[in-house]
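The opening residue of the sequence shown carries number 0 in numbering that gives the first Met the number 0; numbering runs sequentially from there.
Think of the hints as simulated: they come from the structure by calculation, not from any bench.
Quick reminder that beta carbons are idealized off the backbone N, C-alpha and C, glycines included.
Where hints are given, some of them may not hold.
To be verified - The calculated label-pair distances, taken between Cβ atoms and stated as ranges, are:
{"no.": "1", "residue 1": "Asp42", "residue 2": "Ser102", "range": "19 to 27 Å"}
{"no.": "2", "residue 1": "Leu108", "residue 2": "Arg69", "range": "27 to 35 Å"}
{"no.": "3", "residue 1": "Met0", "residue 2": "Ala32", "range": "51 to 59 Å"}
{"no.": "4", "residue 1": "Ala32", "residue 2": "Arg111", "range": "22 to 30 Å"}
{"no.": "5", "residue 1": "Val55", "residue 2": "Leu79", "range": "14 to 22 Å"}
{"no.": "6", "residue 1": "Glu90", "residue 2": "Gly126", "range": "24 to 32 Å"}
{"no.": "7", "residue 1": "Ser102", "residue 2": "Lys71", "range": "37 to 45 Å"}
Unchecked claim - With a Cα cut of at most 25 Å, we get these calculated DMTMM-like pairs of lysine to aspartate or glutamate:
{"no.": "8", "residue 1": "Lys80", "residue 2": "Asp42"}
{"no.": "9", "residue 1": "Lys33", "residue 2": "Asp77"}
{"no.": "10", "residue 1": "Lys80", "residue 2": "Glu90"}
{"no.": "11", "residue 1": "Lys103", "residue 2": "Glu87"}
{"no.": "12", "residue 1": "Lys103", "residue 2": "Asp91"}
{"no.": "13", "residue 1": "Lys94", "residue 2": "Asp45"}
{"no.": "14", "residue 1": "Lys80", "residue 2": "Asp27"}
{"no.": "15", "residue 1": "Lys33", "residue 2": "Asp45"}
{"no.": "16", "residue 1": "Lys71", "residue 2": "Glu90"}
{"no.": "17", "residue 1": "Lys94", "residue 2": "Glu107"}
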Amino acid sequence: MRKLIVIGVVVMLTGCANIQSWIPSFWDANQSAKITDVQLAVDRLDCSSNTLAQVVVIRDNLRWFELYSRSKGAVQQDVLKVVAPMQETVEDMYKRAAQGPVSKTYCELKQRIMQQQAARAAAAVQGRW
0 MRKLIVIGVV VMLTGCANIQ SWIPSFWDAN QSAKITDVQL AVDRLDCSSN
50 TLAQVVVIRD NLRWFELYSR SKGAVQQDVL KVVAPMQETV EDMYKRAAQG
100 PVSKTYCELK QRIMQQQAAR AAAAVQGRW
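Full structure from sequences and hints, please.
Here you go:
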């Protein structure tokens with residue numbers, strides 16, 4: 000009987016470790032401000048001038064957001080998942096722009112995608128309680 004109780008307790012305790020992934024993170028003023036900075040940088044992206052320098056600003060803002068969120072702990076995984084697609088888009092554009100000038104059409108398409116991603120991320124980050 001004791002073995003059954005011990006096994007039951009062990010199973011219950013390891014099951015509780017996964018509960019943290021279900022708990023949403025709380026609102027944070029710094030994250031909200033930074034995601035707004037990202038939105039602003041994406042909206043201001045001028046596809047007729049030096050794209051690389053502008054993409055670096057967006058990339059750095061997202062990196063700041065990631066580092067800050069990771070330093071807050073495991074509870075921030077929900078917001079990190081929300082910005083991950085945008086980080087991939089920005090990283091792709093950064094790599095392309097680092098190779099040389101990008102076409103205006105490519106830049107405008109990426110900008111529209113990033114605007115949508117930034118709007119979704121901002122709604123998620125700022126919509127928390």
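Hints violated by the structure (listed by number, smallest first): none
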